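J.: All the letters of the sequence shown, read from the start, carry residue numbers 1 to 144 under full-length UniProt numbering.
Take the hints with a grain of salt, since some may be wrong.
As the list claims (entries may be wrong) - When the alpha-carbon atoms are kept at most 30 Å apart in a straight line, the in silico DSS-like pairs for lysine-lysine are as follows:
{"id": "1", "residue 1": "LYS122", "residue 2": "LYS112"}
{"id": "2", "residue 1": "LYS48", "residue 2": "LYS9"}
{"id": "3", "residue 1": "LYS120", "residue 2": "LYS67"}
{"id": "4", "residue 1": "LYS44", "residue 2": "LYS9"}
{"id": "5", "residue 1": "LYS44", "residue 2": "LYS112"}
{"id": "6", "residue 1": "LYS120", "residue 2": "LYS9"}
Honestly, the hints are just simulated from the structure, not real lab data. Just so you know, these numbers come straight off a predicted model, no measurement behind them.
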Amino acid sequence: MRLVSIDLKNIVAIGHAEGYLGLLLDREGEQEYVEIPAPSTVYKGLQKIAYIANSEVAYFSTVKGEKPIAMLPVRSTMASAIGYDESRQILQIQFISGTIYQYFGVEREIWKIFRDSNSKGKFFNQEIKGQYASLRVDKNRGEN
Numbered sequence: 001m002r003l004v005s006i007d008l009k010n011i012v013a014i015g016h017a018e019g020y021l022g023l024l025l026d027r028e029g030e031q032e033y034v035e036i037p038a039p040s041t042v043y044k045g046l047q048k049i050a051y052i053a054n055s056e057v058a059y060f061s062t063v064k065g066e067k068p069i070a071m072l073p074v075r076s077t078m079a080s081a082i083g084y085d086e087s088r089q090i091l092q093i094q095f096i097s098g099t100i101y102q103y104f105g106v107e108r109e110i111w112k113i114f115r116d117s118n119s120k121g122k123f124f125n126q127e128i129k130g131q132y133a134s135l136r137v138d139k140n141r142g143e144n
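Please take these sequences and the hints and turn them into a complete structure.
T.: Listed below in structure tokens is the structure:
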């Protein structure tokens, strides 16, 4: 992968509505609002980038010496086990397929509601999927 340096310091804020990405730009002390056509996935991707760049929590938890997240077996058609690391705000889900994902910046209250929910799949799809930066962490993960 080739990496390229980018400078985003003039972007003050972003938003997305009705197929457009809204950008509030700082142009030498003057603010300018610009809208460009873009799918919502662009906005979600920018949110993930901002989280990774500004988080005090380590994004990758595969650092040698990190304590593994304790997993709780669950009865669900979506997941076989779930776990949470409160100090790092990481939710870990082992899906029925065997894949394991970690979701970063998940608040304790969201974890508790998810853990106690009657429908893990419904809660996951409505409140977690696409809302938090995530990383596949199982050993069999392929390159994207």
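J.: Indicate, hint by hint, whether the structure satisfies it.
T.: Hints versus structure:
{"no.": "1", "hint": "LYS122 / LYS112", "result": "holds, 15 Å"}
{"no.": "2", "hint": "LYS48 / LYS9", "result": "holds, 17 Å"}
{"no.": "3", "hint": "LYS120 / LYS67", "result": "holds, 25 Å"}
{"no.": "4", "hint": "LYS44 / LYS9", "result": "holds, 19 Å"}
{"no.": "5", "hint": "LYS44 / LYS112", "result": "holds, 24 Å"}
{"no.": "6", "hint": "LYS120 / LYS9", "result": "violated, 39 Å"}
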